[in-house]
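J.: Sequence:
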Amino acid sequence: MSYVRLFHALDSSLADLREVQSSIKKIKGLETELATLTRAIDRIDEKIDEINSKKYYEDKKAFIGLDEPILWSKLDE
172 MSYVRLFHAL DSSLADLREV QSSIKKIKGL ETELATLTRA IDRIDEKIDE
222 INSKKYYEDK KAFIGLDEPI LWSKLDE
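Numbering (my numbering), first residue to last: 172 to 248.
Keep in mind that a hint or two might mislead.
[As the list claims (entries may be wrong)] For each label pair, taking beta carbons as the anchor points, the in silico distance ranges come out as:
{"#": "1", "residue 1": "ILE215", "residue 2": "SER184", "range": "42 to 50 Å"}
{"#": "2", "residue 1": "LEU205", "residue 2": "ASP182", "range": "29 to 37 Å"}
{"#": "3", "residue 1": "VAL191", "residue 2": "LYS226", "range": "47 to 55 Å"}
{"#": "4", "residue 1": "LYS197", "residue 2": "LYS226", "range": "40 to 48 Å"}
{"#": "5", "residue 1": "LEU205", "residue 2": "SER184", "range": "26 to 34 Å"}
{"#": "6", "residue 1": "ILE215", "residue 2": "ILE195", "range": "44 to 52 Å"}
{"#": "7", "residue 1": "ASP216", "residue 2": "LEU185", "range": "44 to 52 Å"}
{"#": "8", "residue 1": "ARG189", "residue 2": "ARG214", "range": "37 to 45 Å"}
{"#": "9", "residue 1": "LYS197", "residue 2": "LYS225", "range": "41 to 49 Å"}
{"#": "10", "residue 1": "ARG210", "residue 2": "VAL175", "range": "40 to 48 Å"}
Just so you know, the hints here were simulated from the structure itself, not pulled from any lab data.
These numbers come from a predicted model, not from an experiment.
Backbone N, C-alpha and C define an ideal beta-carbon position, used for all residues, glycine too.
Between the sequences and the hints, there should be enough to build the whole structure, so can you do that?
T.: This is the structure:
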């Protein structure tokens, strides 16, 4: 009788270990996804910093001609 109980205890322990192993695999997958998302957020932050930088605005103003005095004088008329 005690062998049967021992077998059932071992069997349920193995099932618990399989669940733990499955959970660990899921966590590792989530860690990978989190790392990917973190890298994407870092790239977005870099772009935001670039856009917010004064040099970016100066380059854009020059590109569309807003830094040319002639345009500003025409607006004053």
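J.: Hints numbered earlier in the text: which of these fail when held up against the supplied structure?
T.: 6 and 10
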